[in-house]
Amino acid sequence: MKCGECEAIETRKHLIYEDSIVAAVLSSKPAVAGALEVFPKEHHPILEKVPDDVIGKMFAVANKLAAACFEVLGAEGTNIVIKNGLAAGQVTSHMKLHVLPRTENDGLNLQWQSSKANEEELNTTQLMLKEQLEKETAEKAPEKEEQKKEQEEISEESYLLKQLERIP
Amino acid sequence: MCKTFIYACAVFYSMPQLTEEDLAKMSPEQIAELQKQNCFFCQIGSGKAQAKMVYEDELCFAILDINPAIKGHMLLLPKEHYMILPQIPEETIKHLGVIAKKLSRTVLRALGAEGTNIFIANGAIAGQRAPHLIIHIIPRTENDSITAFDLPEKDIREEDLLKLQKMLTKKLGMNFEPQQEMKVQKSKNLEEIDLHQLRKMLI
Chain A
13 MKCGECEAIE
23 TRKHLIYEDS
33 IVAAVLSSKP
43 AVAGALEVFP
53 KEHHPILEKV
63 PDDVIGKMFA
73 VANKLAAACF
83 EVLGAEGTNI
93 VIKNGLAAGQ
103 VTSHMKLHVL
113 PRTENDGLNL
123 QWQSSKANEE
133 ELNTTQLMLK
143 EQLEKETAEK
153 APEKEEQKKE
163 QEEISEESYL
173 LKQLERIP
Chain B
835 MCKTFIYACA
845 VFYSMPQLTE
855 EDLAKMSPEQ
865 IAELQKQNCF
875 FCQIGSGKAQ
885 AKMVYEDELC
895 FAILDINPAI
905 KGHMLLLPKE
915 HYMILPQIPE
925 ETIKHLGVIA
935 KKLSRTVLRA
945 LGAEGTNIFI
955 ANGAIAGQRA
965 PHLIIHIIPR
975 TENDSITAFD
985 LPEKDIREED
995 LLKLQKMLTK
1005 KLGMNFEPQQ
1015 EMKVQKSKNL
1025 EEIDLHQLRK
1035 MLI
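In order, the protein sequences belong to chains A and B.
Numbering (the numbering used here) for the first sequence: 13 to 180.
Numbering (the numbering used here) for the second sequence: 835 to 1037.
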């Protein structure tokens, strides 16, 4: 069975925006009238699989669409929502971003119950997240060093080659 | 663009010393400057106020929400003071998207979350409470009690969808197909030149 989003790109059904990287459609089961969905043209199941430049483009397009909602649909506010993973409410196998034009009394309530966190728990969470971020940058760093080394080797090689060429 | 909306926001985010008339007289830059001075998140970004900082670079920073929906709830903010997304330069928006993805992955790995919600509210009606744009990154697990993102799925008539499609593509077409715009502008310029030449000839 074909993925609904991939099919929408092909059939152009309810398509409202398209460039070489992302596409956007009107939601056919909208939370509010004019609800839009932005997705990468290439099939990626979750946020983590989408390349950085594509994510950047998706956010930029979502912003343009939100601006259009203000002007064309008379929205008084907009929400941008990503549901990443089944536990977060994702229902399709194609990663997407929802743009919801909002008006007063539209019946939508996206508020969560918040509770005051205790200081100790905040500190532990902060530490865990920071450690993970450091680990990730450390994982990436050696790659860069390797690249540098390679580049150095290449420049050394070309230097050697040039020297060789000079020999009569 | 959406200038009146920005004014409305400025009024909403309570600057009691100012009336709507005062705000209307001020330029968007002046309003932004005034808000920056009163903005708690700008003070965090510049290190003047304390927060549980998780990530920081030259364009943005992420802190832990002290009133979280769930453990690990993060707030990602641009360092520069912007009230809503449409005010932010495109390059910064792209960067925010990339960092949101990075933090989402971090929270999945570090806290064993099974999913994440990324949430932006533009405007009070959309649930925005602070005068500084915030991207929420909310870790999710299968049986947590968060229901805020269970979006209703309503039925809509096909003809209404087609009407909306027409309205939006028309608007976006003007924005996103610069070639067409240029053609229109060119033809306008040509007309102007022709008129100019005609006038000259008449003199």
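By construction, these hints were calculated from the structure, which means they are not laboratory data.
Check the hints yourself; a few may be wrong.
What the hints assert, rightly or not - Pairs of lysine to aspartate or glutamate residues, derived as EDC-like cross-links and limited to a Cα-Cα distance of at most 16 Å, are as follows: (1) Lys41(A) - Glu890(B); (2) Lys128(A) - Glu948(B); (3) Lys1005(B) - Glu83(A); (4) Lys936(B) - Glu83(A); (5) Lys25(A) - Glu992(B); (6) Lys25(A) - Asp891(B); (7) Lys41(A) - Glu993(B); (8) Lys142(A) - Asp984(B); (9) Lys936(B) - Asp65(A); (10) Lys1000(B) - Asp65(A); (11) Lys928(B) - Asp65(A); (12) Lys1005(B) - Glu30(A); (13) Lys936(B) - Glu30(A); (14) Lys53(A) - Glu83(A); (15) Lys936(B) - Glu151(A); (16) Lys905(B) - Glu60(A); (17) Lys41(A) - Asp899(B); (18) Lys905(B) - Glu132(A); (19) Lys41(A) - Glu948(B); (20) Lys142(A) - Asp891(B); (21) Lys25(A) - Asp984(B); (22) Lys1000(B) - Glu83(A); (23) Lys936(B) - Glu143(A); (24) Lys1004(B) - Glu132(A); (25) Lys61(A) - Glu948(B); (26) Lys988(B) - Glu133(A); (27) Lys936(B) - Glu60(A); (28) Lys142(A) - Asp899(B); (29) Lys1004(B) - Glu30(A); (30) Lys41(A) - Glu987(B); (31) Lys936(B) - Glu132(A).
Verification of the hints:
1. Lys41(A) - Glu890(B): violated (38 Å)
2. Lys128(A) - Glu948(B): violated (23 Å)
3. Lys1005(B) - Glu83(A): Between Lys1005(B) and Glu83(A) the Cα gap is close to 9 Å, so the pair holds against 16 Å.
4. Lys936(B) - Glu83(A): Violated - the C-alpha atoms of Glu83(A) and Lys936(B) are around 32 Å apart, more than 16 Å.
5. Lys25(A) - Glu992(B): With Cα atoms ~11 Å apart, Lys25(A) and Glu992(B) stay inside 16 Å; holds.
6. Lys25(A) - Asp891(B): Not OK: Lys25(A) and Asp891(B) at ~41 Å, beyond 16 Å, violated.
7. Lys41(A) - Glu993(B): Given that 16 Å is the threshold and the Cα spacing comes to 14 Å, the pair holds.
8. Lys142(A) - Asp984(B): violated (30 Å)
9. Lys936(B) - Asp65(A): Holds, at roughly 13 Å.
10. Lys1000(B) - Asp65(A): violated (29 Å)
11. Lys928(B) - Asp65(A): Given pair Lys928(B), Asp65(A) holds - Cα atoms ~8 Å apart, limit 16 Å.
12. Lys1005(B) - Glu30(A): holds (13 Å)
13. Lys936(B) - Glu30(A): violated (25 Å)
14. Lys53(A) - Glu83(A): It is violated: about 26 Å lies between the C-alpha atoms, which goes past 16 Å.
15. Lys936(B) - Glu151(A): holds (14 Å)
16. Lys905(B) - Glu60(A): violated (21 Å)
17. Lys41(A) - Asp899(B): violated (32 Å)
18. Lys905(B) - Glu132(A): Holds, at about 12 Å.
19. Lys41(A) - Glu948(B): Given pair Lys41(A), Glu948(B) is violated - Cα atoms ~25 Å apart, limit 16 Å.
20. Lys142(A) - Asp891(B): Holds, at roughly 14 Å.
21. Lys25(A) - Asp984(B): violated (25 Å)
22. Lys1000(B) - Glu83(A): holds (14 Å)
23. Lys936(B) - Glu143(A): Status holds; Cα separation ~14 Å.
24. Lys1004(B) - Glu132(A): Not satisfied, since the Cα-Cα distance of roughly 53 Å exceeds 16 Å.
25. Lys61(A) - Glu948(B): At roughly 15 Å apart (the allowed maximum being 16 Å), Glu948(B) and Lys61(A) satisfy the hint.
26. Lys988(B) - Glu133(A): violated (39 Å)
27. Lys936(B) - Glu60(A): holds (8 Å)
28. Lys142(A) - Asp899(B): holds (15 Å)
29. Lys1004(B) - Glu30(A): holds (13 Å)
30. Lys41(A) - Glu987(B): Status holds; Cα separation ~5 Å.
31. Lys936(B) - Glu132(A): violated (25 Å)
Of the numbered hints given earlier, the model fails hints 1, 2, 4, 6, 8, 10, 13, 14, 16, 17, 19, 21, 24, 26, 31; all others are met.
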